[in-house]
Each structure stands twice: as C-alpha cells, then as structure tokens.
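Q: Here the protein sequences come in this chain order: A and B.
With numbering that gives the first Met the number 0, the residue at position 14 of the first sequence is 13, and numbering never jumps.
With numbering that gives the first Met the number 0, the residue at position 62 of the second sequence is 61, and numbering never jumps.
Honestly, the hints are just simulated from the structure, not real lab data.
Wrong hints could be hidden among the right ones.
[Unchecked claim] Under the rule of at most 25 Å between Cα atoms (straight-line distance), these lysine-lysine pairs were calculated in the DSS-like manner: (1) Lys71/B / Lys63/A; (2) Lys7/B / Lys224/A; (3) Lys69/B / Lys63/A; (4) Lys149/A / Lys94/B; (5) Lys71/B / Lys192/A; (6) Lys71/B / Lys131/A; (7) Lys252/A / Lys63/A; (8) Lys94/B / Lys63/A; (9) Lys74/B / Lys244/A.
So the chains spell out like this:
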Amino acid sequence: MEIFGLMIVGILAGILGSILGLGGGILVTPILVIGFNLPIHYAIPISIIAVIGTSTGSSIAYLKDDLLNVRIAMFLEIFTSIGALVGAVLTGIFAPQYLNFFFGALLVYQGYNMYQKIRGGKADQLAPANDKIANYLRLDSTYYDQKEQKEIHYYVENVPLGSAIMFGAGFASGLLGIGSGSFKVFALDSAMKMPLKASSATSNFMMGVTAAASALIYFFQGMIKFEIVVPIVIGIIVGSTLGAKIMPKLNNKVIRIIFIPVVLLTGLQLVLKAFGITLY
Amino acid sequence: MQNKQDLKMEQYIGYVLRIGAGIAFTLMGIGLVLGVIGNALSTPFMMYGVLVLIVTPTIRVIASIFMFAKDKDYKFVWITVIVLLILVVAFLIGKA
Chain A
0 MEIFGLMIVG ILAGILGSIL GLGGGILVTP ILVIGFNLPI HYAIPISIIA
50 VIGTSTGSSI AYLKDDLLNV RIAMFLEIFT SIGALVGAVL TGIFAPQYLN
100 FFFGALLVYQ GYNMYQKIRG GKADQLAPAN DKIANYLRLD STYYDQKEQK
150 EIHYYVENVP LGSAIMFGAG FASGLLGIGS GSFKVFALDS AMKMPLKASS
200 ATSNFMMGVT AAASALIYFF QGMIKFEIVV PIVIGIIVGS TLGAKIMPKL
250 NNKVIRIIFI PVVLLTGLQL VLKAFGITLY
Chain B
0 MQNKQDLKME QYIGYVLRIG AGIAFTLMGI GLVLGVIGNA LSTPFMMYGV
50 LVLIVTPTIR VIASIFMFAK DKDYKFVWIT VIVLLILVVA FLIGKA
C-alpha cells in the first residue's frame, strides 16, 4: 500500500514541479519527513533524485514545444554548477543561519514581485533586443504560446545579474539543499525578463545538471533508499510528463498564482530556520 | 532569429533524455514488480534504474558538446566543456 502512496506523492510533485520550474523537492522532502517518518538525511537524497526525474521527464515535452531555451540553459549552467560546487565545499565551514535568512528573504521578495505582476494585470513585459551579451551569445528564441495562440519571439537582458543569481541558486542548493528551482525562475523571469513559461521550462531543464554531481555522490555513499525512491521517481516521471503537457495551455497569471504560495512557504521556512525554528 | 540548427539540436537532446528516462523507467518498474513478488533481483534492477536516471543529465551535457561542435558553434562547445569539467570536479571533491 505504501508503494501506491509514494507513487501518488511522486505524481503530484512531478505535476507541480514541471509546471512551476521547481524540482518538486519542495513537496517531496516535507511529505517524506512528516508523512512517512523518514529521517531528513534520507529525505534529502531522495528529493535530489526527484529533481532529476522532474527535470528529465518535463524537458522531453518542453524540448518538443520549443519552450526550453537550450543556449541560455547551457550558458547559465556554468554559474549554477560553480555555485553548487562552492556551496558544497563550504558546508560545515560556516554557520548557515545568516544565509538561510538571506535566501529566505529573497524568496519572500520574489513572491511579492510575482504578486505585483499579477496585480499590475498587464501582459509580461518583454526585454528589448539590444543587450550586448545576449546578442553575442545568441540567447533570443521563439516559442508558440498555446494559450495565446501566437508565436512569441523574445530577447533577454541583464545577463550578468541573471548569472549572479544563478550562482546563488547553485550555492543555495549545494549549501542548504533547498530553493534551487525558485531562484532559477527568479533569475530568468524577474532579472532577465524571459517569458514565464520559457523560464519555467528552462529552469526545469537546468535543474537536472545542478543536481547531477550531488546525486551521484549520494549514490556512491549508499545514502539512497531504493525501495522509497523508486516508486516516487516512477510517479514523478509520469507526473512531470503530464505537467509539461498542461503548462503550455495555462495562463501566465494562473502559473504565478500557483507559484506565489509555494515560493512564500519556502522563503518563510528558510527565514524561520535562521531563527532556529525548523518546520520539519 | 532561431535557426534550423538549434531546432535539430533540441531534437537530439530530446532523444538523449527520452532514452535515459525510458531505460531508467523500465529498470525501476521491473525492480518494483520483482520487489512486490519478493524476488531478490529487485534491488539490483532498482539500483541500476536510479543510476541511469542520475547520469542522464550529464550524458545530455556530453552529447551537447558534440552537437554544438557539429553546428560549428565553438563558443558553446567551450561553454559546455566548462560545465562538464565543473561537474567532474564537483563529483571528485564530493566523493573525497
């Protein structure tokens, strides 16, 4: 019976994760710890593998839809993977309280930022075509928006700021094991002005690479409980394939409305952690 | 503008991910069924399934190097090589 419970957790995490561009670890870790009484040091490796499952499952569909920008992903993966490396090296060297607070506050700000975009009511502002770095790297792209039923050609801007936030995204996931996807969407959507759907798809694609090294390390350390991770990941592959079919048909506003509570909850959880309060 | 080469590249990467996810899904599925009926081969099937899933993104990075090279997009060949090197270093440091 437990197997079916875990599969359902996987399906839900896969759907939510693929739509929002978050790995789904955000859902998997608390459910495993609270609902299945699994110690946190077993839950984290499982959630890392869940992230890879969501990333791979959803990217198959997003690549077909051209929602995913391979060039932006490849370029920014330099910064996420350096960030993850530095974060992992620094684990245990310094106390993460301040960082928890800093990253938590950033996520709360992101939630606020998204709320403003909804309240503003207007369509997402596209970036102009005059960014030097973006043009040099040919980062512009086109996708067909199934909801608006038109081709959208977009450019990006603020590549250095986006890269810095991507470094932070990798750093946070390496050091704190959390929030990697939210920061990626933040960098793409808020800083670089990439359309939300393309941001979410590209974030999902990148996440598999951010998680790759640590997943392999956990695997060889024998930290992975296969009887738990396998039903979840099977569910996740199904869920993320479904989610990636649903997302292109959604309104941007709906995606942001789902996003806000998730990102606020993650942010709040980090801020509370900074004050010594652990939710799970 | 996005050119034809990029589109082809996305298809290739899609194949790599599909093959990785397909093999992982099959191995894990067999492992799960064997586990339910109490067969001892369950664990190795699940283990290799998870391993295939974990290495798929890295194989995607390696495959991208060749695809950018085929498109003569050398800027991105280097970018992708750098990503791969960082991944290798991260793995070696983490394992030690």
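Q: With reference to the structure, classify each hint as holding or not holding.
A: These are the hints, each one checked on the structure:
{"no.": "1", "hint": "Lys71/B / Lys63/A", "verdict": "holds, 23 Å"}
{"no.": "2", "hint": "Lys7/B / Lys224/A", "verdict": "violated, 38 Å"}
{"no.": "3", "hint": "Lys69/B / Lys63/A", "verdict": "holds, 21 Å"}
{"no.": "4", "hint": "Lys149/A / Lys94/B", "verdict": "violated, 48 Å"}
{"no.": "5", "hint": "Lys71/B / Lys192/A", "verdict": "violated, 29 Å"}
{"no.": "6", "hint": "Lys71/B / Lys131/A", "verdict": "holds, 21 Å"}
{"no.": "7", "hint": "Lys252/A / Lys63/A", "verdict": "holds, 23 Å"}
{"no.": "8", "hint": "Lys94/B / Lys63/A", "verdict": "violated, 36 Å"}
{"no.": "9", "hint": "Lys74/B / Lys244/A", "verdict": "violated, 33 Å"}
The structure shown violates the earlier hints numbered 2, 4, 5, 8 and 9.
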